[in-house]
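Q: One letter stands for each residue in the lines below.
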Amino acid sequence: MLGVLRGMGITFKNFVTSYLFPRRADSLDTAGMVTVQYPEERLLEKERFRNFPFLIYDKTPDDLRCVACDICAKECPPKCIYIVREFDKDGKPLKRPAVFDIDLTVCMNCGICEEACPFDAIFMDHEFEIGGAERQQSLVYHKDQLLKPATYFAKIRPTDHATIEEKRRKEAEKKAAAAKQSSQGAAQTPPPPPPAVPPKSPQPNA
Amino acid sequence: MNTAEIKSLLEKKFPGLEIKIINDGLVLKPEDLPRVAKLLKESPESKLDYLSLITGVDYVEFLESVYHLYSVEKRVGPVVLKVRVPRTSPKIPSLVPLYRGAEFQEREAYDMMGIVYEGHPDLRRIFMWEGFEGFPLRKDYVPEDEDVLEWEDVEWLERHGVKVPEEYKAFAQQLKAAGKEARATRPKPGAEA
Amino acid sequence: MALAQNRSTVDDGLKSELRKKGIVVTTIQELYNWGRRSSIWPLQFGLACCAIEMIATACARFDIARFGAELFRGSPRQADMMIVAGTVTKKMAPQIVRLYNQMPEPKYVITMGACSIAGGPFIDGYNVLKGIDRYIPIDVHLPGCPPRPEALLWGLTQLQKKIDHQEIEKVEWYQKGLKREFPIPEFGPKGLIPKFNPEVWRPETASHRRERYGDPVLLGKKMTAPKFETFGDPQVKVGTV
Amino acid sequence: MTDSLLQETETLEVNLGPQHPSTHGVFRMNVKLDGETIVSLKPVMGYLHRNHEQIAENISYLGSMPYTDRLDYFNSMSNNFAYALAVEKLAKIEVPERAQYIRVIMAELTRLVNHVSVTGFLLNDLGAFFTPVLYAFREREKILDVFEETAGSRMMCNYFRFGGVKLDLPPGVLDRIRKIVKEFPKFLDEFEGLLTQNEILCMRCQKVGVLPFDLALSASITGPMARASGVNYDIRKVDNYSIYNRFKFKVPLGKTGDVYDRFMIRILEMRQSVYILEQALKEIPEGPVLNPKTAALAKAPRNFKPPAGESYGRVESPKGELGFYLVSDGTPQPWRYHVRAPSFVNLTVLEDLCLGHKVADAVVILGSIDIVLGEVDH
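Listed in order, the protein sequences are those of chains A, B, C and D. Sequential numbering of the first sequence, starting at 1, is according to our numbering. Sequential numbering of the second sequence, starting at 1001, is according to our numbering. Sequential numbering of the third sequence, starting at 2001, is according to our numbering. Sequential numbering of the fourth sequence, starting at 3001, is according to our numbering.
Because the hints were derived from the structure by calculation, they are not lab data. Just so you know, not all the hints are guaranteed correct.
Said to hold, decoys possible - Covered by chain D, according to a simulated footprint, are these stretches of chain A (three or more residues, beta-carbon under 8 Å):
no.	segment
1	5-12
2	40-53
3	102-111
4	115-129
Stated by the list, open to error - Here are the simulated DSBU-like cross-link-like pairs (lysine-lysine), alpha carbons at most 35 Å apart as the crow flies:
no.	chain 1	residue 1	chain 2	residue 2
5	B	1038	B	1091
6	B	1139	D	3042
7	C	2107	D	3042
8	D	3305	A	95
9	B	1038	B	1074
10	B	1176	C	2190
For each residue, glycine too, the CB sits at the ideal point set by N, CA and C.
Start from the sequences, fold in the hints, and give me the full structure.
A: Have a look at this one:
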């Protein structure tokens, strides 16, 4: 009987403290109300939170970083990425995708595409309010739905954005220096390819 | 107690036992397995009283059943026993009388790999349903194509009062006429509709 | 009923006129929908990982009770909504269809997580059903693996919006002759029979997975044995040792 | 009169599950009852068989890492740990010091999450409807926040890499963990005060579902369930994997092996985990978190080809011995990938535990075994 009463006392204490000392939902204190009033109030967004991938562009949507190398599509464990490379009028492959589809009904938010991408073009988004009554059309995201500006990335993940910008700046400097050197040495030879190109030459998807 | 010591112990106890060390595992004949396991479990030198893992491996040319034994009392292990059997008649004596922990894991290996453990008290499929055909973790298992209705599906649906669209019906009939192998060369999905 | 039939034949302008006349009906409808959407009773039914997030949604921090959906019922007969939370395997699919059939009208289904929508990351497996919408109609699809508890709450609000827009005269369960029960699939030698119910779902031809990525699994590709220097003598195999 | 009546009783077959509030998922028990006493119980599983092994045999080694999260979805970090150990054994990869500490911290936090939730669910099964679960999930959410901040996801962390962990801890997280660890014993006191001396709980749990020592050993039971029966086998102590030999902790052992013992062992283990965490948080050094040799692996998982051979990596997951058996043939995909799932093997004795008890006890016994269907059915 004593044990039961003691348990009830603890429940009552919890009941009272949740009214007397309401806390924020992110609080680490043991006692207190913890409910987050979701649509009006949200939990603090964690920077590393990963939901679905998105593609990043620098200034305009035509200026996207993805070069259609197909690495993420091959690394994706459940195979939810589908890329078709764009070709110009002469049939020469361009360094940009014509089709970039991500099947959200297969994606498992693992973030391996983000890790594998050598061009910092694909990142995991924070948006989770996605869904609908229909799945076969609306839940396969195409290129135009996936594209988001670099400023958005800077907003949701400032730390990663800073490190990546730093890395890109250094690479660009190195490239510029190399170009300068080669133009001084032999004016006609084109600059060497950037070192970030993956080992296997990217092939257009059949 | 390493694998070589176990081997010499076994050879001392069972003269004439055929045994070989491959990849840190002791490869045994299937019929030797129960007596070897019994000895290893009960002998005071080894005292391997804990059977951690049983699984099957499909090496295409044969199937292998792997046993990892540990000793809780002496805190040694693992001692790996392996038994190789042909794909056509994979029969291995069961270790359930010796280790109760083998019960579900042997059923799993039977379900996934088709290794028959003789003497198992209740050797049924454990994950798949009764009536499932084939052993899905064997390397030659071919799963079905799930976006195509076959003739038995069409028949079933009509029996249950579901109206099947004509194009599905026609395609199912084509499949039936062409036999099961037709599935690999089915027409492009655009042609279905 | 006659009124409802009339409505389906008139254009939008006339409809709004009629709506003005039938103001009492509209109010009843609003009241009716408000009552329904504020007390959705979900079926207490979890399948896999997403079920844990569903429980987390029901717990103190996210508190699904704020949306009136905290009363998880153990029996399908008392439930309005089924949250298919987790991977639907072929072994489990018949039971889910049966549960759906047992639920009273009006009934709603939310598929929570990638697995229940289309098979999710396990789409290439031999025992995973590629979407529960092959057998039963779905109202809200919620992708994610698993969706955050907030995402489930968002999905619930989407469902509430849908309920808000339903008209009493038009809703399916008051129509004559409509029976929203679907045949329960059976186990076949390799999978379920039928593979899908064409009345509910038809395969999408445009974004066909097999066309894009080829065959999902081995299909005998790995039928060459591994190198035997490391796995021992190939002669040391069957019973010979 | 009564004798003849008793002789006429028929056994009744009852199906519990697969959709049943008490079966912790999609688990089915075929129970034969004499009156209300169980005379036979056959577990039926496979309702969540997601072909984990088949999928893993078809993708790269790193590609399986996110799938291991989904095995035992309560403690993804432990699953990552076991898989990373197995591959590191296979490819002989060293792990830097700081990464080892992070791994231990994460694994122990996972243990807290698992034990606290499973205790809550067990009490839910006993009839203490939802209050213990609410308390348990309140604590769980705090730890999940830490996981989300470090690994990016609440449940499916995908945080371990071969040769370390994915990213270093973000600033401030260590202090957050310290705060959680400091507050946790207070919560445990409260939780125990709520329950351990509760007369109803004692009556329902003591002498119910007794697992004798011999059966526990021969049926390969591991984890808290085996230790409740007195089997002194904790892989953290036996294998000394990672850096567990640096920490002082005790392995709590039970005497009777009933439901109450299993419940208490979990509570005591949480206290030991807190103790390990305190030491690890004190000692954690600075340094790299990923072996530089394998850091390039993240950029091209398909090019990772461990040498041909086989390995078995196991950890003491909160449920018991979780092991991954890998056979490599030198290609980017494993030739064989097998999971030794603790709760799957622990279910072997379910029938033995339940025989002679009432149906209501079967539910409690199942709750005390602590199964997660994702792992049982892999």
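Q: Hint by hint, note whether the structure agrees.
A: Hints versus structure:
no., hint, result
1, 5-12, "holds (count 4)"
2, 40-53, "holds (count 5)"
3, 102-111, "holds (count 4)"
4, 115-129, "holds (count 4)"
5, B/1038 x B/1091, "holds (19 Å)"
6, B/1139 x D/3042, "holds (31 Å)"
7, C/2107 x D/3042, "holds (34 Å)"
8, D/3305 x A/95, "holds (29 Å)"
9, B/1038 x B/1074, "holds (17 Å)"
10, B/1176 x C/2190, "holds (16 Å)"
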